[in-house]
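K.L.:
This is what each chain is made of:
There are 2 protein chains.
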Amino acid sequence: MDSASLMEELQLRVRELEEALAREQGGGQGQRARIKLMSPEVTDSNPYSRLMALKRMGIVKHYEKICTFTVAVVGVGGVGSVTAEMLTRCGIGKLLLFDYDKVELVNVNRLFFQPHQAGLSKVQAVEHTLRNINPDVQFEVHNYNITTVDNFQHFMDRISYGGLEEGKPVDLVLSCVDNFEARMAINTACNELGQTWMESGVIAANIDEKTLKRKGVCATSLPTTMRLVAGILVQSVLKFLLNFGTVSYHLGYSAMQDFFPTMAMKPNPQCNDKNCRKQQEEYKEKKAAQPKQVVVEQEEEIVHEDNG
Amino acid sequence: MDSASLMEELQLRVRELEEALAREQGGGQGQRARIKLMSPEVTDSNPYSRLMALKRMGIVKHYEKICTFTVAVVGVGGVGSVTAEMLTRCGIGKLLLFDYDKVELVNVNRLFFQPHQAGLSKVQAVEHTLRNINPDVQFEVHNYNITTVDNFQHFMDRISYGGLEEGKPVDLVLSCVDNFEARMAINTACNELGQTWMESGVIAANIDEKTLKRKGVCATSLPTTMRLVAGILVQSVLKFLLNFGTVSYHLGYSAMQDFFPTMAMKPNPQCNDKNCRKQQEEYKEKKAAQPKQVVVEQEEEIVHEDNG
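So the sequence lines, in the order shown, correspond to chains A and B.
Sequential numbering of the first sequence, starting at 1, is according to UniProt numbering.
Sequential numbering of the second sequence, starting at 1, is according to UniProt numbering.
So that you can see chain A by itself, here it is in the shape it has in the complex (with noise of 0.2 Å):
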C-alpha cells in the first residue's frame, strides 16, 4: 500500500473510530435518523431504495406493508438472532424477542453476537445490535423463560396485545427455540390464541447415539446450517405478510446431502389439545368457504445478476 492510500485508510479509521465512540458515550453520531415513510427513491442514501426496488420489479406489490407488521421472535439463539437481523434490515415494523440466555463466548464463533457482549442478556445483545442498524422499527424484549406458568402468561398477553398499534395483537410469531418445552408453550398459546406462528428447527442427524452420550458432548451444527434454516424462516416469513411467491407447509433441509424436502404436514385430528381441534375446524370451514384458486404457469424469465 503507498503511503497516500494508507493515509486515507488512517483517517477513515479514525472517523470510524470517533463516531463509534461518540456513539458509546451516547453522542448518537453515526446513526442514521429514523425515516417515517419508505421512499422508492433511487439514492445512494435512501437505505430501502434496493428493497424498494422489488415493488417497482413486480415481485412484490406493496413492499412498503413492512413497516406495519409485528413479529415476535421466541429464541434468539443460532436461528433466532439472524432471523430478528434479516427482518431488522427489511423494515420490519415490530418485534418482540423472548429468551431468557445469555451470551457466552462459546455463541460467538456460531452466531450473530460479538465478543464484548459476553455476559449481556441474549435479547438485550440483539436489541442493541439491531436499533442501531435500523432505528426504523421497534423493539420490545422479554427476559425470561416463557414456559413458567406466570411468564407463560405474560407471553400470552404480549402475542395478544403487543402489536405495533398497543391492544392489537402481533401479525405473526416465530418459533426459533431448541427444546421440546418451549416449542409446546409456543403451540398451546398460538392455538388458543388462534395466532399463526412458524416453526424452524435445527436437528443432528446421523450420529452414533453412543457417542453423544459421553461425558461433555453435545449435540451442536454448523453456523451454515443455521443461518441457511434462518433465511428459509424468513423468506417464508415476507412471502407471509408481503403475499408473493408460495410459502411451503414444511420445508426440510438435509446439509450433508444438499436435499430440500417440501411437504404437507397434516393436523392431527385427535389431538389431545382441544384448541388444536377448534383450529383445524376452523381452517376446514375458511378453506371450503374460499373460491377455488387458478394457477397460472408462467416461464422464469433471467434478466439481470445482483450480488453487491
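Just so you know, these hints were derived from the structure itself, not from any lab.
A portion of the hints provided could be inaccurate.
Claimed, not checked - Covered, in the sense of this in silico footprint (three residues per stretch, anywhere, with C-beta under 8 Å from a C-beta of chain B), are these stretches of chain A:
{"hint": "1", "region": "47-53"}
{"hint": "2", "region": "229-235"}
Said to hold, decoys possible - In the DSSO-like style, the derived pairs of lysine-lysine whose C-alpha atoms are separated by at most 30 Å in a straight line are:
{"hint": "3", "chain 1": "A", "residue 1": "Lys55", "chain 2": "B", "residue 2": "Lys102"}
{"hint": "4", "chain 1": "B", "residue 1": "Lys286", "chain 2": "B", "residue 2": "Lys239"}
{"hint": "5", "chain 1": "B", "residue 1": "Lys55", "chain 2": "B", "residue 2": "Lys239"}
{"hint": "6", "chain 1": "B", "residue 1": "Lys168", "chain 2": "B", "residue 2": "Lys286"}
{"hint": "7", "chain 1": "B", "residue 1": "Lys284", "chain 2": "B", "residue 2": "Lys61"}
{"hint": "8", "chain 1": "A", "residue 1": "Lys102", "chain 2": "B", "residue 2": "Lys36"}
{"hint": "9", "chain 1": "B", "residue 1": "Lys61", "chain 2": "A", "residue 2": "Lys36"}
{"hint": "10", "chain 1": "B", "residue 1": "Lys36", "chain 2": "B", "residue 2": "Lys239"}
{"hint": "11", "chain 1": "A", "residue 1": "Lys65", "chain 2": "A", "residue 2": "Lys274"}
{"hint": "12", "chain 1": "B", "residue 1": "Lys55", "chain 2": "A", "residue 2": "Lys102"}
{"hint": "13", "chain 1": "B", "residue 1": "Lys239", "chain 2": "B", "residue 2": "Lys284"}
{"hint": "14", "chain 1": "B", "residue 1": "Lys65", "chain 2": "B", "residue 2": "Lys55"}
Positions of the beta carbon are idealized from the N, C-alpha and C atoms, including for glycine.
Fit chain B to the given chain A structure using the hints.
P.N.:
Relative to the frame of chain A, chain B by itself:
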C-alpha cells in the same frame, strides 16, 4: 506538517481512540485474546467448543484444521460479506478480501454493514467488524477492481502467494461478484493458476424487461435470498475444506417456489480459454487414476435438536 509525521499523528490518534472505545465498552474486556490452539474443552468461555463438538459427533473428523486454510473472497457485497463473516466465526486461518466499492446507506438495510460504516471501503468495513468478532483470523484486504490490467496481475499474485504461509497459494477462491467482467477475471485467473474456485450468484427472474428498463429501476433481491445463497456457499466451502458430506456441483435456489435444483455442469471441451481446456484434461487424467468410490448408504437417525 510533512506526510510522515502526519501519518504518525494519525496512527497515534487511532490507538488513542481504540483504547478509549475499549474502555467505554467495558474496561477493555471488549475483545477476547487470541487463541493459539482450538480446544475441544466444553466450557462457556471456549469460543470453539460448539464447533469442535462437530468432531466428537463424528460429523467432521478434523475440525481444527479449519485454521490452516486460506480463502479469497472476491466481492464483499450481499453474498461475500456474509460469507466472510461465517468463515470468520468458523475460525478460518486467513481471509483475502477483494472489492472496490464503498459502503452506502443503501446497502445497510439489506446487507452486513452498519450505518456508521457509510463511506468506508467495503473491504475495510468488513475487516473491522470481523477482526473484532474473531481475532484469530488473519485478514488481507485489497480495495481495488480486479478487472483492470495492473490489479488483475496483483490479484493473480495474491492468489498464488497470499496463503497463510506467505509464498503459498490460497486454498480456495470464492466468486461473490455481481458482474460478468469480474466473473470472467476470476475464471481466467483460476484456470491459469489451476486454482480451485466456487461461483455464487443471485439473479432476478420472472421480471418484465420493460419494467426493468424504466428510469431509476435496478434489479435487486431480498436480503434473505442473498443470505441463503451465502449459507449454501459456505456450507459447500466447509464440506470441501474439511472433507465431509456431499459438495454439489451446482446447487440452485428458486426463492419464489422454494425449489433447490442440483445438477452437474459439464465444461465446454471447445472452450476459448486454453487454460480451461488444460484443466479439463488434467481433471480427466486425475479421475482416471482414482480408484472407484464405494458408496455406503446410511440410515438417518435423528437424536437431538440445536437452535441455541
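K.L.:
Please name the hints from earlier in the document that this structure breaks, with their numbers sorted from lowest to highest.
P.N.:
9 and 11
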